[in-house]
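Protein chains: 2
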Amino acid sequence: MNKGDKFTQSFTVSTDIYEGFKSLFKDLNPLHTNEEFAKGKGFTGKVMHGNILNGFLSYFIGECLPTKDVLIQTQEIKFLRPVYENDKLTLIAEIEEIFESVNTIEFKYYFMNQNMIKIARGKIQIGLMP
Amino acid sequence: MNKGDKFTQSFTVSTDIYEGFKSLFKDLNPLHTNEEFAKGKGFTGKVMHGNILNGFLSYFIGECLPTKDVLIQTQEIKFLRPVYENDKLTLIAEIEEIFESVNTIEFKYYFMNQNMIKIARGKIQIGLMP
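The listed protein sequences derive, respectively, from chains E and G. Counting from 1, position 102 in the first sequence corresponds to residue 102 in this note's numbering; the numbering is continuous, with no gaps. Counting from 1, position 94 in the second sequence corresponds to residue 94 in this note's numbering; the numbering is continuous, with no gaps.
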């Protein structure tokens with residue numbers, strides 16, 4: 001992997017993912033579960049849990065890189081716009097820095113929805129395991 | 001909520017959570033699924049997905065605060081030590097800053113395991129919705 005390398009991965013916030021996330025982590029905050037509540041707050045429907053995107057990032061790092069010998073060291077995410085059920089997201093990640101002395105790679109990334117709107121962005125630092 | 005307020009919440013990385021996370025997000029990286037592989041990398045067993053902790057943070061913000069009118073704006077996590085299946089974690093979060101002009105609260109937090117070892121720490125910024 002080299003500085004500037006780009007990776008693209010598609011994800012759908014399907015009903016299965018949404019229901020599975022709720023049943024796993026029990027975050028039933030009304031913003032995520034009550035359509036009327038969410039609309040009352042100015043959204044167009046139930047807002048999906050932002051941490052579903054962090055699950056997608058787990059898959060990206062664990063399964064989509066040229067090596068499996070990786071470990072996430074730090075992760076940050078900024079939620080820019082709401083994500084709704086059945087949104088189709090594209091993750092675009094780019095290697096921003098490689099620290100060879102410590103076998104560390106830093107990615108910057110963003111998620112875009114089907115309307116080409118950036119809905120989140122952040123950075124992930126991973127370690128390469130010998 | 002006030003600056004300095006502390007919150008404590010317990011979580012177990014149960015087999016159900018681990019299996020559920022794998023089936024939801026499909027991150028089957030060998031570090032998370034192959035005991036021999038993980039031991040070969042110097043760990044004492046399969047390493048749990050770090051993003052399980054981000055799911056716990058979703059529950060904490062969505063369900064454990066004095067108000068439900070919240071929305072995560074930014075989130076960061078640094079993974080310090082491995083988490084293993086059935087580890088019992090304690091989340092300790094503290095309000096570090098309140099930005100009243102923009103209805104924003106910043107928490108710093110860490111997770112400790114059953115051996116009182118800090119396994120992760122980070123910050124979460126949330127917005128309070130009117």
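Be aware that one or more of the hints could be misleading.
Any copy, or any two copies together, can satisfy a pair, since identical chains are not distinguished.
Below, in silico cross-link-like pairs of lysine-lysine (DSSO-like), each with a Cα-Cα straight-line distance of 30 Å or less [unchecked claim]:
1) K78 x K68
2) K68 x K41
3) K3 x K123
4) K6 x K68
5) K26 x K3
6) K123 x K108
7) K6 x K88
8) K22 x K123
9) K78 x K108
Since the hints were made in silico from the structure, they are not lab data.
Given identical chains, is K3 near K123, meaning Cα to Cα at most 30 Å, within a copy, between copies, both, or neither? For K3 and K123, both the intra-copy (14 Å) and inter-copy (28 Å) Cα distances are at most 30 Å.
I want to check one pair: K26 and K3. Are their C-alpha atoms no more than 30 Å apart within a copy, between two copies, both, or neither? between (39 Å within a copy, 27 Å between copies)
If the cutoff is 30 Å on CA atoms, where do K6 and K68 land: within, between, both or neither? Let me know, please. Only inside one copy: K6 and K68 sit 17 Å apart there, 38 Å across copies, limit 30 Å.
When no copy is named, should K22 and K123 be tagged within, between, both, or neither for a Cα gap of at most 30 Å? both (25 Å within a copy, 23 Å between copies)
K78 and K68: within-copy, between-copy, both or neither at 30 Å Cα: Both ways: K78 and K68 sit 26 Å apart in one copy and 20 Å across, limit 30 Å.
Could you place K6 and K88 in one of the four classes (within, between, both, neither) given a Cα distance threshold of 30 Å? Result: close within a single copy only, 19 Å intra versus 37 Å inter.
Quick one: K78 to K108, C-alpha cut-off 30 Å, is that within a copy, between copies, both, or neither? both (12 Å within a copy, 16 Å between copies)
Intra/inter-copy verdict for K123 and K108 if alpha-carbon distance must be at most 30 Å: both (4 Å within a copy, 18 Å between copies)
Could you place K68 and K41 in one of the four classes (within, between, both, neither) given a Cα distance threshold of 30 Å? between (42 Å within a copy, 12 Å between copies)
When the structure is compared with the earlier hints, no violation turns up for any of them.
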